[in-house]
Amino acid sequence: MGEVIVITSGKGGVGKTTTTANVGAGLVKLGNKVCVIDADIGLRNLDVVLGLENRIVYDIVDVVTKNCRIKQALIKDKRFDGLYLLPAAQTKDKDAVTPDQMVELVNELKQLHDYVIIDCPAGIEQGFKNAIAGADRALVVTTPEISAVRDADRIIGLLEAAELNDPLLIVNRVRIDMVKRGEMMNIEDMKDILAIDLIGVVPDDENVVIGTNRGEPMVANGEAMSGKAFMNIAQRIMGEEVEYLDLDLNDSFFGKLKKVFNFGK
Amino acid sequence: MFDLFKFFSKDNNSKDIAKERLKLVLVHDRSNCSPELLEQIKNEIIQVLAKYVDVDESGLDIKISKAKEFDGKPALMANIPIKDMKRK
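If you read the sequences in order, they're chains A and B.
When the first sequence is numbered by the working numbering, its final residue is 478 and no position is left out of the sequence of numbers.
When the second sequence is numbered by the working numbering, its final residue is 729 and no position is left out of the sequence of numbers.
Residues from chain B that keep clear of chain A, each with C-beta distances beyond 10 Å, as calculated:
hint, residue
1, Ile686
2, Gln688
3, Lys692
4, Val694
5, Asp697
6, Met718
7, Ala719
8, Asn720
Only pairs whose alpha carbons sit at most 20 Å apart, straight line, appear in this in silico EDC-like list of lysine to aspartate or glutamate:
hint, chain 1, residue 1, chain 2, residue 2
9, B, Lys660, A, Asp405
10, A, Lys404, B, Asp657
11, A, Lys291, A, Glu266
12, B, Lys664, A, Asp410
Chain B side only, calculated, beta carbon under 10 Å to chain A, not exhaustive:
hint, residue
13, Asn654
14, Lys660
15, Val666
16, Asp670
Keep in mind that the hints were calculated from the coordinates and are not lab data.
Beta carbons: idealized from backbone N, C-alpha and C, even for Gly.
Can you make the complete structure from the sequences, with help from the hints?
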């Protein structure tokens, strides 16, 4: 019996889809059978991020309305043996699927896979409620910006109200140089403010743009820092303890000096 | 003593500003307190106080904020200017 994990954020554009694709592919590289679901009905994108857009025949709405069987709709990724995509419908509304239908769907999928990863739409409306309905746990993606952290805080509240307790935080698109200059919030700042545990820190990396251009997850690129960070998240999801990449994030040079000399705040 | 470290680490860099602004915004978001509710609280406080003192209603300010006295936890802060103490 697999585990269902929803990737959510509140704010759009912080990297939910990239995270879903890479954590999914990463878990496959670690030997799991994984289904990634695009729950963003009407604005599907997980297919293009994974480079599988040309192979869609049926979608999630076809499955829940019994227009096709579940296995007919799943797209098998040829590069990652064990990765399957259930695409969103592009021409329907968010309310084409109900929470009950989602629960039924993921319960069926988790019989067939070790992990089911759901890419949640932005916002807090019906699409969000559908996406979290059948989840066992939630990961919240944010970037070190006021707007993204504020929305993450709201989402954490809503997840807890829906009894999806102890969501874990992914801080995406961290600019190490800016953190060092004190012009970007660091990881400790965000952990403090949101009061949840961390599961990953992903540096801002041009390989994300390049990989997405090509439709290739970064975890396939052994050199990319973002790919390594996503692999680490996949390992932590499996319960392994992995050290955080040394991004030298939490303090400036003088911050470290201060600590050494016990100065400062 | 001249604090060399403080001098180099610029006190008002933008991440500290972001952090402070965010904390304040979240106090409001989390309290789930609507402006209408605050207005109602304000009016009732005025009614009570008016029995004893002459309150300057125009200068009255009530807000939810975090208070240093309570370890930064949310607190209802009220500034209530008094025109005149009533004596009975």
